[in-house]
Each structure stands twice: as C-alpha cells, then as structure tokens.
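Engineer: Listed below are the residues making up each chain.
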Amino acid sequence: MMIENRGKDKVFNWVILILMGLYAFVTLLPLLHVLANSFSSADAVNRGAVGLWPVEFSLESYARVFREESILRGYMNTLIYTAVGTVLQLVLQFTAAYPLSRRDLKGRNFFSFYFVLTMFINGGLIPTYLVVKALGMLNTRWAMIIPGCVGIYNLIIIRTYITSSIPWELQEAAMIDGCSNVRLFWSIVLPLCKPILAVMTLYAIVGYWNAYFNSLMYMWNDDLYPLQRVLQNILIANDTGNIGGSIGSGEQALLSESLKYVTIVVSSAPILFLYPFFQRFFEKGLMVGGVKG
Amino acid sequence: MKRKILSFLIALVLMAGASAALFGCGGGETYDPDNFLPAGTAENPWQIVKEPVTLDIFVPRGGMNPPYREMKMFQKLSELTNLNFNFIEAEVSTYDNLRSTTWEDKNNLPDLFLFNNTVAEQVAYSQFGAFVAFNDDELTAGGIHVGNLIENYMPNYRALLDANFNIDTETDAKKVAMLDDGYMYSTLSVNDVPRDLTFKMFINQQWIDNINEDYPDRDLPDADEIATVEQYIEVLRAFKECDPNRNGKNDEVPVTAKSMEYLSNFILAAYGYVSSDVEVKNDGSGLVYTPVTEAYQKYLETVRMMYQEGLLDNQVFSITTDSQMAVKGYAGRLGSFCAAAAYITVGMDLEDQYVTFGPLTSEYYTGEPLQWGFSNFTASGATIPTGTPYVREVARLLDIMYSELGTQLIAYGMEGEDWTWDDEAHTSWTFHVPADWAGTQEEYRATITPNVGTASALYWSYDFVGKMNDPIITDLNRMSERYMPYLKLPVPEELKFANADEYTEVSRLRTNLDLYVRSSVSDFVRNADQTVAEGWQSYVDGMKGYNYERLLGIYEAAYQRYLQGR
Amino acid sequence: MSHPQKTDLITSSLPQQAEGTVKRRPSGRRFRNLSLYLLLLPTVVYVFLLHYLPMGGLIIAFKDYNSFQGIFQSPWAGMGGFEHFYSFVTLPNFWAIVRNTLVLSVASIAFNTVLPIILALMINEIRVGWFKKTVQTISYAPYFISVVVVVGMLFSFSDLERGIFNNIIAAFGGTRSNLMESQNLFAFIYVASGLWQGLGWWAIIYVGTLSNVDQNLHEAAVIDGAGRLRRIWCINLPAILPMAIIMFILSIGNMLSVGFEKVYLMQTDSTLAVSEIISTYVYRVSLGSRLPEYSYAAAIGLFNSVINIILLVTANLISRRVSETSLW
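Respectively, the protein sequence lines represent chains A, B and C. Position one of the first sequence corresponds to residue 1 (our numbering), numbered consecutively onward. Position one of the second sequence corresponds to residue 1001 (our numbering), numbered consecutively onward. Position one of the third sequence corresponds to residue 2001 (our numbering), numbered consecutively onward.
No wet-lab data here; the hints were simulated from the structure. It cannot be assumed that every hint is accurate.
Below are the DSSO-like pairs computed for lysine-lysine, each with C-alpha atoms no more than 27 Å apart in a straight line [what the hints assert, rightly or not]:
(1) B:K1076 with B:K1050
(2) A:K194 with C:K2262
(3) B:K1281 with B:K1175
(4) A:K133 with B:K1106
(5) B:K1544 with B:K1174
(6) B:K1467 with B:K1076
(7) B:K1072 with B:K1467
(8) B:K1298 with B:K1240
(9) B:K1174 with B:K1249
(10) A:K8 with C:K2133
(11) B:K1298 with B:K1488
(12) A:K10 with C:K2262
Keep in mind the model is a prediction, meaning the values are calculated, not measured.
Chain A extracted, bound-state conformation (with noise of 0.2 Å):
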C-alpha cells in the first residue's frame, strides 16, 4: 500500500511482531485461567486445580447460571439499556463536544470548567439519590440509564478530538461557504469524527453493559435487574461465605468460585466479539483520513 524502504522495514516488522507477540501471549494466559477455570468442575477450582486448562470438564456452573430464567431477562434488559443509553449518551457528548471545540465560541472556557469541576466534586450517594428520586426515575429503566449518561470525561477527550484532528481551516471554509452551524456538524465533522465515534460507542456499550451500581442504589424491581445485577445475585447466592450468618442446613453449594469465572464469561463474551467489528472503523478512518486535505 505504500512505498517503504524494504530491507530495514522488514527487520523492524518483525521486532514488533515479536513484542506484540510476546505481549499478547502474556495478556493472554490469565485469560485461558478464567476460562479454564470456568469449564473445570466445582471442585477442581476449589481445590486451585486449574492452570490453563480445565481440570475434570465440568459445565455444571453453566448449568447453574442458566438455569436462571433471571438471566434471559437480565440479557434483555442490559440490551434495552444499552441500546437506549448508548444512542443518549453519544448524543448528549457529541453535541456538547462539538461547541466545545469551536474557538469562536465565547464562554467555551467557561462551560469547559462548568463540566470538568464535575469530575472532581460530587455530592455523594444520598444527594444524587434524592435527585433520582425527584425526577421520578425510581424503579423505572430510565435509573438504569440516565444517570451517568454524559461522561464528561468522554466529552473531553471529543473535544480534543476534534481540535486536535479536524484542521480548523476546513470548517472555516465551509463557513465562509455560508454552511449552518448544524449542517457543519452534522455533515462535515461528524463524518470525519468516524475513529473517535466508533471509540466512544464502544465505551458507552462497554460502560452500560457493566453497569451494576445505578441498579443496586435506583431499583428494587427484578423485572429490571440489569445481567450484571442477577449475575451477582447468583453469586451471593452461592457463596459460602457468610459466616455470620445463621446456617439453615448442612447442604450447602460450593459452587461459587466456579461461578466467579463463569458469570466474567457469560457476560462479557458478547461484547468480545463485538470488538473486532469497531476495529474496522479504525481501519476505515484510515482510507477517510488520506482524503481529507
């Protein structure tokens, strides 16, 4: 694809497919110790058995999570929630992000510091939970899904985005065109804003789709527990470890260790295999960005 120089380039592709190699392999094999440990049976993992590979094959802790009919509801209700909360999310940065980064703007300083203050103070647990309250949100999806929806740190690095990487004199030209603040937006930055985009998408589903806390303080209704939420029940469930309390039979599971791996697997396999379809945005925003001069 482009004319580099041969011999050198050689030498230097292959020490980084070494590093990166290297790299993954180490990355990789505390990997294989969940998995492994999620397919071994009870025991085995009990035991701290399992290496890499499954000790006395075992998908009885499988079994056990999905025998849940909750599960099945948490998938679908993680599903709503991230779906709706991705396309908010992403609204609500972008079109903040966007003036943001306009350096005509006058106050832009000084709405840059009224979001970036909130980085650093909250008021806390009982304040924000009264505020959830007063706005009816209680027990609704919409707990699950608007607080925490703008992420001001995203906001930020949108910002800097595209300051640092739309050259200005684009949109200056296409003002002097007589092109609308909007249109601008919607037509000339957002396309070329494809990299960050499919980056920011990607953390809104990643943070909905692990989204665990909102559920615990906002809601008391199972209907809509989050996948996480149940996962966790599960494990709670299964957990010997409540040693306080008060022992109501001499059968008791001791499935929780296994369940550990197996719930980390459960959930995040789904969002695994949507990585490589983001890449190919990255990809793609590198054909774009040849363009664009």
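Since chain A is already given, all that's left is putting chains B and C on it; use the hints.
Structural biologist: This is chains B and C only, laid out in the frame that chain A set:
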C-alpha cells in the same frame, strides 16, 4: 437530533410530574380504627383487619432471595391476617444508604422497619420522637389512644419477654430492648441456636488417631481432652512433624484461619480475653482495652512462636477468603481451623474427620475457660416510625411472627407443606424440598424466608430449629453445644451509650484502632528478628495516639450506668 | 424555561461578531452562535440536574448529618463546621494515608499515561491484518474481568506454594515468599495488574486517533527518506500528543482519587501500613461501617476534591503555557 433531545427533556419533565402525582396520592387515605380486629375473629384468630389494608415495610434483601412478595412466609402471613404488604427492599450492600434516604422523606415513611435496626439509630432518633415506643402506656396513633402495645396487643411477645425467652443467660432481654429513657423502640431479635452463637474451632481427630497409631510414643490427647493451649501446641507440633494424613509428604498445615481475627478469638481466650477490643474484666469490676494488656502480649508471643515454628499457616496473612482456606482443606492438608462448619472448608468427603474442641486455658490463665459469643438478644428486630396510624396492626403482625407459627414460618416455612413432624412426640422434623427443585436446599429455603442470606429473624429458636432431621446439621448442633457454658460477650448487650455523638465517636475510634491492631499483630507475628517484648512499648504508644483511652472512657461511663441499672 | 437565558446568550455573543475573522455573512452569525448554544444546552441542563443539584448535599461535610433531620436541618458540626476536616487531618496516620495514596497514583499515572501510547504506536505499525486484530482483541479483553476476580487471581498466582509467580521466582533460584504480604511489592503489583487489565483498553483511544492521521504526510515523509521510527516520532506521536496531554492533565486532577475497591480487596493485614489510602479509609467509615458517618466521609471527599482541583488548575495552567493544549 435536536428533536430527540427535546423529546427526552419533555419525557423527563413528564416523568417527574407523573411520579409527583403518584406519590402525592399516597397520603390521602384515611384511617379507619374500627377496621382493626384486636383478637381476630372466631374462625380465624390470626386475622388482623376486616378489610384488607396495605402496610409499607422496609426490609433488607439478600442476593439469594426472591422478592419479598414472592416469599412463602409473607404470602402466608398476608393470607392469615388479611393485611397486604408493600415491601421496600434494600440490597444489603446499599441498605444503610437507602435507609437514610427513606428517613429523608418524612411524608412517605414506611409503617415498619423490619430487621437490621440499630441501637445507635434508636438512641439518635428517639430524641426527635422518630419511633413508636412499644411499651408507652400513653401511646396514641391514628387519632385514638392505643396504649401499651406489648401489654395490649402482643401477648406472645410479652410472655416471651417475661420468661427471658426461656434462655439460660445473664443477659436480660428487657434491658437489651430498653433505652435509658425506659422505652422500647425496637422489638428483639432473638437467637438461641448454639451453632449460630459462636465460631467453632475444628481439629482433625482422624489425624490424632493416626499419629497415636503410627507413633505410639507421642501419646496425643483426643480432641475432647485438649484443655490448654500448651497441649494444643503439642498436638500441632505432632501434626507438623509426623505424617498424619499418611501421604508420605510433609504437606500438613497444622492450623490456619480465614483471617487472624478468627483464630485470635480462640487463642486469645486461652489468655483470658475473647476479643481484640474493649472487654469486661472477668470479675466484672470494669472494662479493659485488651490489645494493651499483658495477656495480649502473652497471646502475641504464643502466636508468633506458632508462626515462626510453622505450626500456624505461614500464608495466614494472605488468606482473605474462605476458598483460599478451602484449597488446603479439600486437599486433606488441614489439621485445625476456625469455621462456621467444617464442610465449608474441607468438603463433604473429609467433613467427618473434624470435631470441635476447646475452649482452652493456659499456664498464664487458669480461670474458667472462655469462648467468644454473640448475644442471644439484639434490639434490632422491628421498629415503627412515628406517624403511621397502623401501629396496632403492625404490633399484632409482629406478635404473630414471635408466636410458634411465626418462628416456624421464618425458619423453614409451613408445617405440613414445607416440613413435617417425624413423630407424634415432635422430637424431630424433616424439611421437604420439591423433587423437581434444581438448586440447593438453602436456595429453596430462600424462596420461603428472608432468613437465608441476610440471617434475618425475629426469633431463631433452638427449640424448633434444633430438631431438624439432617445428619450434618444434627452433628453440627451437637458439636456447637460444647461451647455454650463458656460463652462470653465482650461487653454486655444491655450497655448503651448516652447519645448519638458517642456512638459516632466510638465507631470512628474503633475503625482507626482496629486497623492499627491488625497491622501491628501482623508485624509482631511475622517478624523473626524482634520479640514481642522489644516492640511492645512503641506499640502501646501508638495505640495511645489512636486514643484508646478515650474509647475506654466512653465505654466505662456506659458500663457504670449499666451496673447501676442492674 | 430558557427564555431570558436565550437572549442573554445572543447578546453575549454579539461582541464576538465584531472580533470574528469571518465577516462575509454578518447577518448569519447571530443564528450560528445561537445554534451552537442550543446544541450545548441539553448537556448543560443534564449536568446541572444530575451533577450540580446533588452538590448541594456537600453541605453535610460541615454538619453532623443525621437522616432524620435531613441534609438541611441537621445541626452544624463543631469548630464552625470544620470539625470533620480537623479530625481527618489530625489522624495519627493522616500523612501515611496521603503518602500511600500519592505513591499509588503517581506510579499509576506515570505508567498508565506512557505505556498505552507506546502500545498504540506499536499496534499501529503491525502490518499483518489478522495479527493486528488478534493482538488488539486480546489486549482489551482483560478489561472485562471484574476486580474481584483479578484480585483473586493475584492471590492465587502469588500463592506461597503453588502460585505461578513463586514458581517462576523459585525457578530462577529465588526464595518463595508471600508476595501479597510484601509492603515493597504492593504498589508494583497494584500498578502492574492495573496495566495488564487496562493497557489495551486505554490504547483504543490512541489507536482510533492514529487512524485519522493524514496518509499524505507519511507518503511525503517516505519520499524524503524518513524511516519508520522517524515517521512515528515526527508524524504519529504529534498526532496523539494533544489527546495524551489532556488525559494526563485529567489524571493529575485525580491524583488523590485512587479507587477504593481494588486496593481494599488487595489489602492484607501485613500491608496496611502502605495500602491504607484515602478512599479505603472513607469506605471504612461510610459504606463499610455499621454506623456510616456520612458527614465525615463527605468532609474527606471535599478535602480530596479541593486538592484535586488545585492540582488540576495548576497542571492545566502549566500545560497551556508549555504546549498550548489545555482543558479550558
């Protein structure tokens, strides 16, 4: 895009409005005093109201439980009493937060806080009249005079209180429930089941037998005969030096614990104290802060010696979960450990090798053996926030929960449905899990009662619970009973601090001190180069810096009030 | 709701018009700026509702909060409201806690800022398509493993007898030890495991940014005879530098806010001297306590915030002078 945002904002406003309307309507209903049935009806003595009434109940929810409305015991109670329940359920991990926010909204307080009440809250909020006093002769609610709830509407509870719940203890149930102003703002949470009153120390009897067989000159005492910490250490040494698990490898771990805290309760008891905290002197004359006592120094020396000799698992300070301990337990490498039940640590296969033993004394302490124990009574059962008109209804509901039926319901459900008596004489009963139930027995029990997971109960009664027909539980019951004569509460449960500030201060001082003690114990025990005596003075000075004297002072004042009240 | 505000915005944008460099269509400018503010409005409102409104609750830092009397009726704390702040800074281990927090955060910031950039630059140089994808997917997978399990693995890998770390140490002739009890290793284990988990995830943002680099620049550089390293240094690195600087400034502003959960789970009695940090202490007196001290926790939180903001403003100021990149 803008339209989307706009509609989002509109949706927000609408939701806020709708919910305001919803909440607003809640307070509108009027209370009908004649709807209440003081003694039920001829056909149904349990019935509480003529026409159904809905009570709002704030409860803790464990991860294991289904929603409260689906739990069998509350469905049953609803059926019996004609009351409906609306539960506000707080996950254990955010319970305190949600409870605080519930108090914030005075217009929507629940009719009942069930389980998990704290004395600190009662002391702090009763000054504002936040709670209904159960023993207030002048009580009015819902516009009428209702008088003393316990006397008038809670015959079961009253009888139990008078009989101290038939528990043989020095703790006075009424005094536990009563604040210094003479009022009871909470009903009691009662527990007399031995297996849930202390941590048990297990030892491998099989190993002792093996050693006595393989090494006759050792002549180890049976688990039952181990009476002093010195004897115990001899046994541990034998575990270490011989090959009691007979696998040819020197892989035995003589003793371990999930954390030092659990082990220290047991070993320290051999030196005359049961906690690393403020504690009553054994003659009752006053209080001490045990971590600065000479006994604590002796205890530390012993534990250090055990650790340095390899008798105490050298990983003990790296163990933070049950499963880390279970790794060795399942592998058959554990000689002795502290746990709620042996099978949790060693699994079902090895479970029967282990028996409980102790409590121990030592050459230093030769008095009566001591075992750290929980209180039979805590003032945590149920509180009624002031403002609800339904105090009589709630009182009768609670009374049912303290009755024989109630204690059975909250433990294992309905007789005939969930469990049945095995014989005419009612000496034992069997719990029935449906054949098609895929989960464990405890998971099934969680669909009946909130007792699973949160350990919530008003009366966890040995008279019933102890008769369960289950070999492992029966064994555990028997093995736990040995500790009962020796249980010592660090401080009496009747003791109350003067005001909210004192509770806060005590809580904070203890948080700081606890960290310092834990950190120091680890340093003492693991340090091979410095004896305990060498580091003792600077440790005690450090403790002064964290103001243990102030902590002790607050406790002393409360203890004096307690002594006068006796 | 926003009528008066709207006119404000319009008038306040007027002077801008005169200064603006684009003068061709002055009549359009007014609406142009207005539409920018309209774009901004929903997020501003959102942040006001869900972030600024709850800040009123910070007042409990100066009070003896009890939920019965509520946030606004609770009595003021002693010492003119500053009692809780005083209690915190006079803790015997106050400086130890602050020092421990700083050690963890400075180490984290240093590595977490630099290494993701290097990783992204290297991933960007991989020329084999499938390999690039595989490396990236693997690198970001650990991010999904819960902290509880990560810490669980740390304990099991550090196991004295069977842990893989100790096996490796023993294989190289070292002595086995309880790694999780080592005060010297605590920060290292914390940072290294954090990198294992987050490196690939943090690199994503740079990988994304790099994909937007103008390929003409590269081609021109190649024609000028620039090698790969030189092009990375002169083209790729500058392209992601503004992003890196912003992220660095933000992390400086989070200096005292090391998350509690992982540290809390990693703590053993033996490492408390170096592992007790501000957030774990706050947890102990609030959520982790049977008697949560909301006021005390809020006071410590506010103390944190103030220092964080001072650091942030300073870092931003320096950055604006030095690199022209700044938050505001």
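Engineer: Against the earlier hints, flag every one the structure doesn't satisfy and list their numbers going up.
Structural biologist: 2, 5, 9, 12
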